[in-house]
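Chemist: Place chain U on chain X using the hints.
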Amino acid sequence: MFLVKQAEEVEARMKRIAATKGVIGTLVVNPDGVPLRSTLDQSMTLQYAGQLQNLVALARSTVRDIDPQNDLSALRVRAKNYEIIVVTGDYLMITIQKLPE
Amino acid sequence: KDTATEQVTEDMLKEVVDIFISETDTFSLLDIPGTCVSVDADDADAIIARNSQYEEVCRNRAGHGKDVDRSVQTLNGATKNKQVQSNSLIMVDAGKSVMLMMIFINVLNTMTGNIPNHRTAITSFLAALFKYPAERQTFVSGSLKEVEVDGNSLNTELEWELIVLSEKFQHCLLAMEKSILRNNSQPQLAAYRQLAVLEEPGCPVKPDLVEPRKGGTESSQSPALECLWVFSCELSRGRSVSCMAWNRKNPDLLAVGYGGFDFGNQTPGLVCCWSIKNLKWPERVIHCDSTVTSLDFSASSPSQLAVGTRDGSITIYSVHSQDNRSQIVSSRESPSRHMGPVWQLRWMQQELSSSGEEKEEALLSVGADGRISKWFFFKHGFDCTDVMKLKRIQNTKKAGRNKTETMTGSVLTALTPGLCFDFHPTDSSIYLTGTWEGLIHKCSFSNTQQFVETYSKHFCPVNCVAWSPFNPDVFLSCSSDWTIQLWKQDHSKPLLGFTSAQKAVCDVKWSPKWATVFGAVNEEQLEIWDLNLSILDPVIVQPAAPGVRMTSLLFSSQTDCVVVGDSVGEVAVYQLKNFSVAERSQVNFSW
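Chains as they are written, first to last, in full-length UniProt numbering: chain X, 1 to 101; chain U, 1 to 591.
Just chain X, same shape as in the assembly (with noise of 0.2 angstroms):
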């Protein structure tokens, strides 16, 4: 069924991607701030929820308040050995990828 065969194509795409070289790890949040799915422990995971949670809410506002009609998409923070990308759509998706030498 075209359903199944389509969640099939999700589960793989989110392997490939954790399975990425130099990808730390991807978390899915709800827009509850609550972890839906995440190959980090629950420590890291709770972690990185919490913070990025405030950090997206504040891009967003931004993005906002210049624009209306617009919504933030994604945000990028690069950092001296590791750069966190959020895609944000209704649910966040986070993945922290540690950069190439």
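Source of the hints: derived by calculation from the structure; they are not laboratory data.
Where a beta carbon is used, it is the ideal one built from N, C-alpha and C, also for glycine.
Among the hints, erroneous ones may be present.
Partner residues aside, some chain X positions facing chain U, computed with beta carbon under 10 angstroms [stated by the list, open to error]:
(1) A7
(2) E9
(3) D67
(4) T95
Modeler: Structure of chain U alone, referenced to chain X:
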């Protein structure tokens, strides 16, 4: 049970106590009567008489006296060890994770026999379940037992399944995958797009990446090919690449057709659409029934991809979205479909004959049954008309001297397989086609019976013909006879021939940027020729990995990169470096 305890006193101890002992009856536990009777007993006579009577009976029995006592020994043979081999049992671990939604769908299926196709029905069911208070919930379904689950975990599971279905999330995933991969392969992508390499602030910049930028103005560095990346995934590994095509509208999308694992008829083929933005996994995967031999994107509707396969059928797919409805139409049921592999397909802008201004797009194909057909859509299907039949021509030796003689001299109506064709870049009614016999015919749409001209020099199948994009009179042809020939339109003998390796040349393409440069792929190496520098040797030679044959070649239109497909399913992208050719828009070949 009362236990009465009495104090035991001194007097009681000195008392005289009377104890009475009596005997019980004898219990008989085992009684075996004897079989011997004394001679003096009363009934001894009767017993003796009976014994003698019994002996009489035994004596009179038939066969008495014939019994002989003998002894026998069984011989146990010596044992011998023997070894037997059998196929080892291959054990495979298979696991599958099942989502709650799939159980629900299966249950509904068995209950009502009607598969719910509507996404909204399922999502509304899940949403309704999701709204229950997060306490102890019972999840009841037709054939499952009543299961009590903890409310919290059920909620998150259901929510996960809800979002997996939503398109927005899938879009999220796509964007995420591309961002991550771009991070990983930033230098190669930048080189492809000819941008400067991003320098990390605070990180030491690698010297060898910066050098080519400075060395670009020097012409003393020799031209070279640098492999930027390789498109390869587990689906395509081991399959041979048979054809490739760029999308006409989106220059980042490359469709690659794969054959089966061995070049046989029945193995299913595969088409993968790769994007420059995702180097690890193709954007679209289409499974075909048989080996894919040719493909082309349409120019007027850029999401339509026509795929020709080895069993002669042409299918048009829509690559717009990855779902089951991607196949638009197939020529499998058409009565006039090709009987052999479809070797090349092309969408061409055709002028409608009556109104000269309008251009309509038509699909043309050449197949191994010797027909060049033009396909058109009608109400429910897909049918074709023959534009040309490639007749086998006798007297090929006279082709150069007198053209009309060979035309009338062809008595045979046998058709010869056509392997390739190419349309003139400016005059869309003229096209060239190469055949199995090594002849190249120039044909016109207005004449479906005869060839306008025939060029013969190759004596093996012509694998590819290509008009030069800069000079409208010149074309190249390559063949399995190890040579590439350069022809001019009105000369029946080639102007130049190129040989460099003793292997069949599979593909030849002109560079879209430089007028005198072309690339050729023979089985063991990729060659880039520049006619300005040398007509005897290729300028760059890139050998293939040992054991691997290169099979097809494409130039990239926007950047100076070359895409090469090989027989193990890998599509490698090379960048031409230090290629300092003066860009001229027109080159005159004068001999």
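Chemist: All hints are to be evaluated individually against the structure, with a verdict given for each.
Modeler: Checked hints:
{"no.": "1", "hint": "A7", "result": "holds (5 angstroms)"}
{"no.": "2", "hint": "E9", "result": "holds (8 angstroms)"}
{"no.": "3", "hint": "D67", "result": "violated (20 angstroms)"}
{"no.": "4", "hint": "T95", "result": "holds (6 angstroms)"}
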